[in-house]
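Protein chains: 2
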Amino acid sequence: MLSKNKIKLIQSLNRKKERDESGFFLVEGNKMVEEALRSEYQIETLVCTAQFANQHPEIRSKAKELIEADRDSIQKASLLQNPQEALAIVMQPELNTPELNLNTDLCLALDFIQDPGNLGTILRIADWFGINTVICSENTVDVFNPKVVQASMGAIFRIKTNYTNLESFLLKASKNQIPIYGTFMDGNNIYTEPLTKNGIVVLGNEGNGISESTSRLVTRRISIPTFSTNPNKAESLNVAIAASICCSEFRRR
Amino acid sequence: MLSKNKIKLIQSLNRKKERDESGFFLVEGNKMVEEALRSEYQIETLVCTAQFANQHPEIRSKAKELIEADRDSIQKASLLQNPQEALAIVMQPELNTPELNLNTDLCLALDFIQDPGNLGTILRIADWFGINTVICSENTVDVFNPKVVQASMGAIFRIKTNYTNLESFLLKASKNQIPIYGTFMDGNNIYTEPLTKNGIVVLGNEGNGISESTSRLVTRRISIPTFSTNPNKAESLNVAIAASICCSEFRRR
Chain A
5 MLSKNKIKLI
15 QSLNRKKERD
25 ESGFFLVEGN
35 KMVEEALRSE
45 YQIETLVCTA
55 QFANQHPEIR
65 SKAKELIEAD
75 RDSIQKASLL
85 QNPQEALAIV
95 MQPELNTPEL
105 NLNTDLCLAL
115 DFIQDPGNLG
125 TILRIADWFG
135 INTVICSENT
145 VDVFNPKVVQ
155 ASMGAIFRIK
165 TNYTNLESFL
175 LKASKNQIPI
185 YGTFMDGNNI
195 YTEPLTKNGI
205 VVLGNEGNGI
215 SESTSRLVTR
225 RISIPTFSTN
235 PNKAESLNVA
245 IAASICCSEF
255 RRR
Chain B
5 MLSKNKIKLI
15 QSLNRKKERD
25 ESGFFLVEGN
35 KMVEEALRSE
45 YQIETLVCTA
55 QFANQHPEIR
65 SKAKELIEAD
75 RDSIQKASLL
85 QNPQEALAIV
95 MQPELNTPEL
105 NLNTDLCLAL
115 DFIQDPGNLG
125 TILRIADWFG
135 INTVICSENT
145 VDVFNPKVVQ
155 ASMGAIFRIK
165 TNYTNLESFL
175 LKASKNQIPI
185 YGTFMDGNNI
195 YTEPLTKNGI
205 VVLGNEGNGI
215 SESTSRLVTR
225 RISIPTFSTN
235 PNKAESLNVA
245 IAASICCSEF
255 RRR
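Protein sequence lines, in the order shown, are assigned to chains A and B. Each residue of the first sequence is one higher than the one before, starting from 5 at the first, in the numbering used here. Each residue of the second sequence is one higher than the one before, starting from 5 at the first, in the numbering used here.
So here's chain A without its partners, still in its complex pose (with noise of 0.2 Å):
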């Protein structure tokens, strides 16, 4: 049985404080419980049919508590439209900065992504593309919004964020000779531009681009072309469509 209460903390989490107080986050649909049953994530409690803990039996030892419920309880408590049959609460994990070795590897830092289907969406092109670290700044959407969680598709589980004032984990890594990129109007072609093996991509805000305190950090400024040749052309490019074309042409090489 689904309690009141359980269905008004599984709601809570929709909101950042109920989040950061209860130190859990909510996972909802079967292929992403499925997920967080795989991933060292603990899970606190998890909601689901008859049908689906019969399917997975290792619930019983993953989940701390497991509440069996039918389709319309779960329903209820659930923030998607269209429901499946499990939700899990899990625990959030300490975000540490990650143990990462900028001489070797790439990763992406985040300036001020305020839409959180970006942000899930950065998350599954960032795993996609193997790169394990987003450094996100300070104002960015939280990684454990419920909407991030969906988009991500599971990336969530295994890209490792964090959350820090981007201006000094650039400056650090400037000092260091890290290859610091950045996506501009104004950049030097992606296409053909010089790319490293390792280094830090940073990606900017939806309406803003990169904020100007950060972009005076960017030493390696580059540029997606438009191809268009309407007169009427567009402005920009999705930052997650921008990022995408990014990790793409970083790895392909």
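Treat the hints loosely; a few may be bogus.
In this list, chains with the same sequence are indistinguishable; a pair is considered to hold if it fits within one copy or across any two.
[Stated by the list, open to error] No farther apart than 25 Å at their CA atoms in a straight line, the calculated lysine-lysine pairs in the DSS-like style are these: (1) 237 to 151; (2) 176 to 35; (3) 68 to 201; (4) 164 to 80; (5) 179 to 21; (6) 176 to 66; (7) 12 to 68; (8) 201 to 80; (9) 21 to 237; (10) 8 to 237; (11) 179 to 237; (12) 237 to 12; (13) 35 to 237; (14) 179 to 201; (15) 8 to 20; (16) 179 to 10; (17) 66 to 237.
Note that these hints are calculated values from the structure, not bench results.
Assemble chain B onto chain A, guided by the hints.
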């Protein structure tokens, strides 16, 4: 003054049936309305603040009807959470099979894309990469859905779209020796595969990929390889992300 009837008409444009019956679609927000004003599209009704009207004197000749309203009234009519100073009721253009020369042109073909955000984003990508035509299967989400329009960021006014029986379209193209590309998990590595300047790139449904009947007509199976070394790695990329990487690869060469 924004009458109750006008508010009702505006909100009815969220539904395909009512869009089809009226022949209109909805465009919201300052930038999007500016794009509509710059386009060839016919604006039936433009609702905006006095300030917006003053800043855009061309409105009076471009819009059949101009209604000045304050922000609160626009808020009442709007489908957006954060409406701005303008929205427009725009005439749907007739969707014809575009004049497409597949011996020289590249186009995208969408096989049952369901998510309006994905379709809008794909239009924006096509626009950026100078791909002027997007052919949609009949079961692909309606291009005049307000969420598609908004996600396209104005690309909807520049890209030619049409809905058609995708199999017939591809069959005809294949008889004319037009290369038909499609993305599959087990296709040839897109980074090393020879790509032609012309042809069709088929993109498949979010959950199921390219349908079986369509995939039989694909002559060049391509794949975006993952660079992840994680044993639990991601199964797939979002379709708009796959579209962006395909377009980038076709165009950069």
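Results of checking the hints against the structure:
1. When the C-alpha separation of residue 237 and residue 151 is checked against a cutoff of 25 Å, the pair qualifies only between copies, where the shortest distance is 20 Å, while the shortest distance within a copy is 31 Å.
2. Within a single copy, residue 176 and residue 35 get their C-alpha atoms no closer than 39 Å, and across copies no closer than 39 Å, so neither meets the 25 Å cut-off.
3. In the homo-oligomer, the alpha carbons of residue 68 and residue 201 never lie at most 25 Å apart, since the shortest distance is 42 Å inside one protomer and 56 Å across protomers.
4. Taking CA atoms no more than 25 Å apart as the test, residue 164 paired with residue 80 passes in neither setting, with 32 Å inside one copy and 42 Å between copies.
5. For the identical chains of this complex, residue 179 and residue 21 are neighbours neither inside a copy (36 Å) nor across copies (60 Å), given an alpha-carbon limit of 25 Å.
6. Taking the shortest alpha-carbon separations for residue 176 and residue 66, neither the intra-copy value of 40 Å nor the inter-copy value of 54 Å comes in at or below 25 Å.
7. Taking identical chains as interchangeable, the C-alpha atoms of residue 12 and residue 68 lie at most 25 Å apart only when both belong to the same chain, with a minimum of 19 Å there against 50 Å between chains.
8. In the homo-oligomer, the alpha carbons of residue 201 and residue 80 never lie at most 25 Å apart, since the shortest distance is 48 Å inside one protomer and 51 Å across protomers.
9. For the identical chains of this complex, residue 21 and residue 237 are neighbours neither inside a copy (41 Å) nor across copies (31 Å), given an alpha-carbon limit of 25 Å.
10. Taking the closest pair of Cα atoms, residue 8 and residue 237 never come within 25 Å of each other, the shortest separation being 52 Å inside a single copy and 36 Å across copies.
11. With identical chains, the CA atoms of residue 179 and residue 237 are never at most 25 Å apart, being 39 Å at best within one copy and 34 Å at best between copies.
12. Proximity of residue 237 to residue 12 under the C-alpha cut-off of 25 Å is found in neither arrangement, the shortest distances being 47 Å within a copy and 33 Å between copies.
13. With identical chains, the CA atoms of residue 35 and residue 237 are at most 25 Å apart between copies only, with a shortest distance of 13 Å across copies and 39 Å within one.
14. Proximity of residue 179 and residue 201 under a CA criterion of 25 Å is satisfied intra-copy only: 18 Å inside one chain copy versus 44 Å between copies.
15. Within a single copy, residue 8 and residue 20 get their C-alpha atoms as close as 21 Å, which meets the 25 Å cut-off; across copies the closest is 38 Å, which misses it.
16. Proximity of residue 179 to residue 10 under the C-alpha cut-off of 25 Å is found in neither arrangement, the shortest distances being 49 Å within a copy and 60 Å between copies.
17. Taking the closest pair of Cα atoms, residue 66 and residue 237 come within 25 Å of each other only across two copies (20 Å); inside a single copy the shortest separation is 52 Å, beyond that limit.
Against the hints set out earlier in the document, violations occur for numbers 2, 3, 4, 5, 6, 8, 9, 10, 11, 12 and 16.
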